[in-house]
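Number of protein chains: 2
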Amino acid sequence: MSRYNEMWRSLGLDMEAHDQLLEALPPTYHDVYLTQFGRPAGMKYFDFVVNEVHGLRIQELQEHREAGGKVIGAFCVFVPEEIVRAVGGICIGLCSGIDVGAAEAEKVLPRNICPLIKSSMGFKLTKVCPYFESCDMVVGETTCDGKKKAFEILNDYIPVHVMETPQMKKGRDRELWLGEVEDFAGLLERLTGNKITAETLSRSIREVNGKRRALMRLAEIRKNNPAPISGRDSLLIAQIAMYDDVERFTAQVDKLCDELEQKVRDGDGVFPAGTKRLIVTGTPMAFPNWKVPHIIETSGAVIVAEELCTGLRYFENEVPEDAAALDSQMENVAARYLGINCAVFTPNTARIDRLVQLVEEYRADGVVNCALSFCDPYAIEANRVEQTLKKKNIPLLKIETGYDREDAGQLKTRIEAFIEMLG
Amino acid sequence: MSRYNEMWRSLGLDMEAHDQLLEALPPTYHDVYLTQFGRPAGMKYFDFVVNEVHGLRIQELQEHREAGGKVIGAFCVFVPEEIVRAVGGICIGLCSGIDVGAAEAEKVLPRNICPLIKSSMGFKLTKVCPYFESCDMVVGETTCDGKKKAFEILNDYIPVHVMETPQMKKGRDRELWLGEVEDFAGLLERLTGNKITAETLSRSIREVNGKRRALMRLAEIRKNNPAPISGRDSLLIAQIAMYDDVERFTAQVDKLCDELEQKVRDGDGVFPAGTKRLIVTGTPMAFPNWKVPHIIETSGAVIVAEELCTGLRYFENEVPEDAAALDSQMENVAARYLGINCAVFTPNTARIDRLVQLVEEYRADGVVNCALSFCDPYAIEANRVEQTLKKKNIPLLKIETGYDREDAGQLKTRIEAFIEMLG
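As you go down the protein sequences, you meet chains A and B in turn. Our numbering runs 2 ahead of the 1-based position in the first sequence. Our numbering runs 2 ahead of the 1-based position in the second sequence.
Everything labelled a hint here was simulated from the structure, so no lab data went into it. The structure displayed is predicted, hence computed values, not measured ones.
A pair holds if it fits inside one copy or across any two, identical chains being indistinguishable in the list.
With a straight-line Cα cutoff of 25 Å, these simulated DSS-like cross-link-like pairs (lysine-lysine) come out: (1) K392 to K109; (2) K414 to K109; (3) K213 to K265; (4) K393 to K109; (5) K109 to K394; (6) K213 to K225; (7) K400 to K109; (8) K400 to K414; (9) K197 to K213; (10) K213 to K257.
Could you build the full structure based on these sequences and the hints that come with them?
Structure representation (structure tokens):
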């Protein structure tokens with residue numbers, strides 16, 4: 003019996019279903035993570051966080067709430083964490099990367115829908131996610147059709163505030179988005195009773211930039227050959243970034259980077275030098291979706307960068323720290339988020355340009371474009387990726403897959419063939 | 003050999019594939035349309051239009067172009083026809099409702115995508131649509147993810163201007179959309195060399211309102227019992243509205259209405275009094291998609307209204323005609339279009355409210371919600387429809403289907419059971 007049982011019960015979790023869920027994670031985690039060769043010692047902290055995923059972190063959230071703080075759940079890297087922190091709140095990512103509650107979710111959603119959306123709805127309907135149950139407010143956005151319309155249904159079970167993300171990046175889109183960010187700030191001020199000031203927002207901007215900088219430092223280290231850390235571990239760290247305590251997390255990433263920089267100086271890697279280097283791009287891989295990276299890295303290649311919302315899109319580009327006035331800070335925050343190269347924008351050529359740049363910077367041998375099943379934005383944009391990479395003679399493998407394991411064998415065959423073809 | 007062969011060849015059509023396509027239509031049209039009981043004489047005009055779908059109308063477009071006019075292709079009822087007409091242009095709907103060119107389309111698009119998008123792309127790639135090949139400009143919009151992203155690819159084959167439709171209907175969305183309409187007007191002015199004036203726009207507003215008024219008159223007549231016209235015929239008229247000459251079409255609909263009003267006075271109908279009356283709602287049914295209406299009306303029910311973009315959403319709500327200044331006219335046009343209850347908006351409760359109202363106004367016995375396969379906006383919003391109709395005790399059948407015939411038998415079984423259940 004877990005020492006957190008009482009807490010989980012008080013959150014209203016379905017205890018039996020939740021026990022089953024918690025039993026499913028360790029064997030997968032063992033296979034994907036704990037069997038890796040030469041794993042950095044600094045990964046121990048992240049192993050600990052995963053081990054306590056529904057325990058210690060949830061307890062911290064409860065303590066935060068008991069002290070009067072609010073917890074805000076989000077489903078997208080467009081929700082500005084700086085604003086949440088400026089009212090003393092904690093921002094938590096709620097996207098889910100495991101097949102849970104599909105039967106319940108399919109009572110309110112179509113069968114043929116992106117597994118991330120189905121899973122997030124499933125977690126809420128089956129009451130097995132203590133993060134969901136710890137939220138004072140849930141924030142959606144209008145990025146993709148699936149999420150946008152699913153939030154209307156989710157709102158039957160928990161109040162959802164939806165931010166309107168625009169679909170282009172013209173002047174009038176920037177205005178619209180700034181208005182949405184300001185509305186969100188006002189809503190949080192009313193929810194918490196705390197006014198956002200130039201001081202609180204400035205501090206939040208620096209804190210979140212600190213997290214980004216640590217993650218960017220880790221990303222930079224991965225440019226080295228041999229690779230000092232696996233793609234799986236790097237993905238895990240980006241996933242944890244979305245719910246862990248910001249300052250502790252930042253310090254731990256920096257500590258890991260110190261170790262990795264020493265490994266680089268020692269010429270030490272987790273894969274042999276000369277291992278084929280791949281970049282993964284596409285639909286975000288939410289915790290604990292490690293399916294494709296695991297197949298890639300057990301098929302003879304190493305992932306050196308993730309052009310994903312659970313990767314570079316999350317931590318590239320800081321909010322400028324030099325603005326003193328609240329208005330300008332707010333504009334800087336809004337502008338930084340609108341800079342994210344999500345496939346819901348049209349056109350989204352900056353994503354493809356960045357991808358080409360990354361191939362060069364990270365000395366990658368090829369790219370794997372992973373779209374989640376039924377994810378129209380990334381599945382269709384795969385054509386744009388393909389067209390540009392072909393012109394640049396950069397090898398590309400296009401994958402569409404969900405959270406189930408049924409296609410794992412077939413995927414492995416395709417991925418092995420792709421890696422072999424890289425020569 | 004058709005007398006239009008030379009014209010088709012000059013448009014660059016793939017003559018062989020086009021011949022095959024033209025051969026496929028008449029047998030289907032015969033089965034769905036020409037076997038109906040007591041069909042109004044006024045349908046002869048629309049039969050003629052269908053018979054000349056790639057002939058006479060295309061010839062008219064060529065004559066218009068030879069006289070210096072422009073042809074603008076659109077994929078959505080959000081593209082304001084008034085603006086196109088104000089520069090002397092002709093606006094043509096390009097959405098397609100038949101499974102054509104799927105193999106070609108799947109070379110650039112995912113397999114699991116809405117059939118309307120796949121078909122539109124297929125028509126372009128296989129060069130069998132003389133409307134596409136007659137366009138001086140194609141206008142897309144950012145309504146759904148699928149279309150939004152597919153336009154980027156379509157732009158490789160024909161220049162596409164994309165209008166940004168917003169995703170909510172707040173003040174800042176109205177501003178954004180007005181800006182988009184004004185940009186579109188500017189673009190058309192540059193394309194045609196014709197300036198939009200208060201006079202030309204005012205005339206266009208009255209012309210397009212005239213078309214709406216005739217269609218609305220037809221809709222009103224369908225409130226009678228027995229039904230004076232079938233749902234199939236009414237759907238066909240709405241589909242033809244999107245590409246036929248506006249003034250001729252309007253006159254023909256009015257003529258048909260005269261006949262139908264006489265039938266109503268005579269107590270005459272195309273189905274026996276007491277036939278179950280259904281409303282169809284959901285994803286637009288583009289020409290020649292008559293699949294579900296045909297099954298419904300050969301299973302013992304009659305369709306009395308279409309809450310569709312190929313139905314009431316297209317012609318409900320006129321643009322006010324009383325504004326004298328160009329600015330106000332432009333605002334009126336933008337506002338009228340933003341009032342359309344498309345499922346891409348969040349929330350979109352006005353659609354559900356209108357649906358409930360329609361059930362009462364048209365004395366309907368039930369509703370059939372038809373979402374095209376992989377159409378997330380309507381497939382997910384079906385849950386909102388279901389929730390409200392359940393509260394109001396209005397019977398609902400939810401369908402998801404594509405353009406193929408594979409599920410026709412299964413659909414017929416479900417539809418028959420639904421109609422029987424209505425008692």
